[in-house]
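Just so you know, the protein sequences line up as chains F and W, in that order.
Mapping to the working numbering: the first sequence position 51 is 51, numbers consecutive.
Mapping to the working numbering: the second sequence position 94 is 94, numbers consecutive.
Don't take every hint at face value.
List time: in silico DSS-like cross-link candidates among lysine-lysine, alpha-carbon distance up to 25 Å [said to hold, decoys possible]:
#1 37/F with 183/W
#2 121/F with 58/F
#3 35/F with 151/W
#4 183/W with 183/F
#5 35/W with 158/F
#6 158/W with 37/F
#7 58/F with 35/F
#8 35/W with 156/F
#9 269/W with 158/W
#10 269/F with 183/W
#11 156/F with 269/W
#12 156/W with 35/F
Just so you know, the hints here were simulated from the structure itself, not pulled from any lab data.
There are 2 protein chains.
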Amino acid sequence: MVVNTISDQDVEEMFELARAVALEAGQVIRENFYKDKVVDTKMSAADLVTETDQAIEKMVHTKILAKFPDHKFIGEESTHETHKHELTDDPTWIIDPIDGTTNFVNHIPEVCFSLGIMVNKQTVIGIVYAPIKEELYTAKLGQGSYLNGEKLQASKIKELKQAVILFEGGASRDEQILQDKLKNVHSLFTNARGVRSYGSGALSICNVAAGRGQAFFEYGLHIWDFTAGNLIASEAGAVVTDPSGAELNPLRRRVLVGCSAEVAQSLSKVLTHLDMGWD
Amino acid sequence: MVVNTISDQDVEEMFELARAVALEAGQVIRENFYKDKVVDTKMSAADLVTETDQAIEKMVHTKILAKFPDHKFIGEESTHETHKHELTDDPTWIIDPIDGTTNFVNHIPEVCFSLGIMVNKQTVIGIVYAPIKEELYTAKLGQGSYLNGEKLQASKIKELKQAVILFEGGASRDEQILQDKLKNVHSLFTNARGVRSYGSGALSICNVAAGRGQAFFEYGLHIWDFTAGNLIASEAGAVVTDPSGAELNPLRRRVLVGCSAEVAQSLSKVLTHLDMGWD
Chain F
1 MVVNTISDQD VEEMFELARA VALEAGQVIR ENFYKDKVVD TKMSAADLVT ETDQAIEKMV
61 HTKILAKFPD HKFIGEESTH ETHKHELTDD PTWIIDPIDG TTNFVNHIPE VCFSLGIMVN
121 KQTVIGIVYA PIKEELYTAK LGQGSYLNGE KLQASKIKEL KQAVILFEGG ASRDEQILQD
181 KLKNVHSLFT NARGVRSYGS GALSICNVAA GRGQAFFEYG LHIWDFTAGN LIASEAGAVV
241 TDPSGAELNP LRRRVLVGCS AEVAQSLSKV LTHLDMGWD
Chain W
1 MVVNTISDQD VEEMFELARA VALEAGQVIR ENFYKDKVVD TKMSAADLVT ETDQAIEKMV
61 HTKILAKFPD HKFIGEESTH ETHKHELTDD PTWIIDPIDG TTNFVNHIPE VCFSLGIMVN
121 KQTVIGIVYA PIKEELYTAK LGQGSYLNGE KLQASKIKEL KQAVILFEGG ASRDEQILQD
181 KLKNVHSLFT NARGVRSYGS GALSICNVAA GRGQAFFEYG LHIWDFTAGN LIASEAGAVV
241 TDPSGAELNP LRRRVLVGCS AEVAQSLSKV LTHLDMGWD
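The following block holds chain F by itself, in its conformation from the complex (with noise of 0.2 Å):
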C-alpha cells in the first residue's frame, strides 16, 4: 500500500483552487436561481437534477484535472450513471454541484456547493457555498472551520430535550423507509424541543457547526452529500458518527452530527436504524 504523503504546501494549494471553484459554482448557481429549470428525475418524482448540476460538476472536474491530473473525482452526478464509487487512498475530490437540488427548482434559498477532499481516505478540505444566502464555510483538518471568514463553534447543549434537531427526510418514497423514518420524527418530537427540515443535508451539517441547532442525521443520502460538511462541523467541535454510535463509514449512506458526545449519543439511542445501502 502506497501512503500518500501532503504537505502543509500541498493543502494549501488544493484549498485555493477548491475555493476558486466553489466562488464559480456559486456564480453559476446564482445566475440560474430564478430561471425555470428544465428538470429530470432520477429514482423519484423527489429526486431530481437539472442542467446546473451537470454543469458545474463538469466545469469544475475540467479544473482540478488542469491543475492536479492525478487526482481522483467522485461527483454526484459524474458518477451517478456508472455507478462506481471507488474511494482509494488518492487525494479525492468529493463533490456535489448543487445539494438541495428540490430548493433550486422551487427557489428556496437553501442550496449549496459541497466539495470535500479526502487523502488516505480522511477528510483534509470542506467547502460549502450557499450563494443565495452568501455563505461561504471553509475547513481545514485540524485548523478549524469557518463561516465567511468567521471561526465557527457548535453548540455547547448536553442534553436532549434542549436540543433541535435537523432531519431530511430524503428522496426515497419507498413506504416502509417512509414509515420508519415517520417513528424517527415522531421519536424526535417526544424527546427532543424541536424538529427542523431545510432540504439541504450538507447546509444542515454547517448549521449544526455554527450552533443553529444541535443535530443533524439522515438515511440514505451519498458521500458527496456529507464529506465536506462532517469536517466543517467537527473542526467546529462536533461529533460525527454513524447513527448507530459506530465509527462513520464515508461510503454507508447516512450520518449522525451532534454538537455533542452527549446529545450524539441520546439521538442514537431513540433512533431507528435504517439501511440504506452503499455508495
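With chain F fixed as given, assemble chain W onto it according to the hints.
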C-alpha cells in the same frame, strides 16, 4: 353596530407606527439573540417564553396606546395569562413579539416580530420583521406586499406534486395530536415534492408569499402567528383559507396558505383536519 370608517391617511399613520415598532422590536431581538436566555415553559417543554418576548410586547403596547389610546390589542404574552382574546370591529393590533421562540433560544435565525392590524375584523396592515435574516415584510390591504421594498409574488405552480410544503409540528405533545400530524407528514411525502420546517409559522407564510415554497399549513397556531403573514401572502397572490377549504376564522387556530387555489385545494384534500380549539 358601529362600523369603523378608515381613511387612507389613517392606514398610513398606523403603518408608520407599526413599521417603527417592528424595527425597534427587531433591534431588541438582535441584541439578545446570542445571549443565553432565561426560559419559561408555557404549555409543554416545546412551548417557550423568554424575558425578551415579554419586554418587546410591553414596549409595543406602550407605544401604540400613546398614539392610539382607544385601539385594542391582542398580544401573545399579555393576553396569554388572562386567556381573553376578544376580537371586535375596533382597530386591533395583533402582536407576536417573537415568533419562533425556540429558534430564538437555540440561536437559529428564523425568528421574527409579527404585527397585524385588523379593522372591522379585516386585516389592513401586516408587518413581519426577521432581524437576524434582515428581512422586513410589509403589506397594506389592496396595495401589494413587499420584502425589503421589493414586490412579492407567490409561486404560480398549480400541481401539488410539484409543490414544496412548509409544515410546523407545533408545541403540543399530546399523543393523538402527534399521530394525526404525522399522518399529515406522511401524506406530504407521498403527494408533494418535499417538506420543509423552519420553526416559525409567520416566516413560513412569508416564504410562501416570496415564492419560496408553494404552501404552508398548521393546526394549533394562534391569531398572532398568522394575521400579519396572511395579508402579506394574499397581497402576493396566495390563497388563505381554513385547512378544510372553508373561509378562515381568525380565532380558530388553524390555517392553510397556498400559492394558488389549485395547490390549496389539492393540499386540503390530502390532510387530516385537526380541531385545535379556539383563541
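How the hints compare with the structure:
At roughly 31 Å between alpha-carbon atoms, residue 37/F and residue 183/W are farther apart than 25 Å, so this suggested pair is violated. Distance check on the hinted pair: residue 121/F and residue 58/F sit about 23 Å apart at the alpha-carbon level, within 25 Å; holds. Restraint check: the Cα-Cα separation between residue 35/F and residue 151/W comes to about 18 Å, which is no more than 25 Å; the hinted pair holds. With a C-alpha separation of about 11 Å, the suggested pairing of residue 183/W with residue 183/F holds against the 25 Å cut-off.
Distance restraint check for residue 35/W and residue 158/F: the Cα-Cα separation of roughly 18 Å lies within the 25 Å cut-off, and the hinted pair is therefore satisfied. For the proposed pair residue 158/W and residue 37/F, the alpha carbon gap of about 16 Å is at most 25 Å, so the pair holds. The suggested pairing of residue 58/F with residue 35/F holds, with an alpha-carbon distance near 20 Å, which does not exceed 25 Å. Our distance criterion of 25 Å between C-alpha atoms is met by residue 35/W and residue 156/F, whose separation comes to about 13 Å.
Restraint check for residue 269/W and residue 158/W: satisfied, since their Cα atoms lie roughly 14 Å apart, inside the 25 Å limit. Using a Cα cut-off of 25 Å, the hinted pair residue 269/F and residue 183/W holds, with the two alpha carbons roughly 24 Å apart. Of the pairs offered as hints, the one joining residue 156/F and residue 269/W is violated, with about 43 Å between alpha carbons and a cut-off of 25 Å exceeded. For the hint pairing residue 156/W with residue 35/F, the CA-to-CA distance comes to about 13 Å; that is within 25 Å, so the pair holds.
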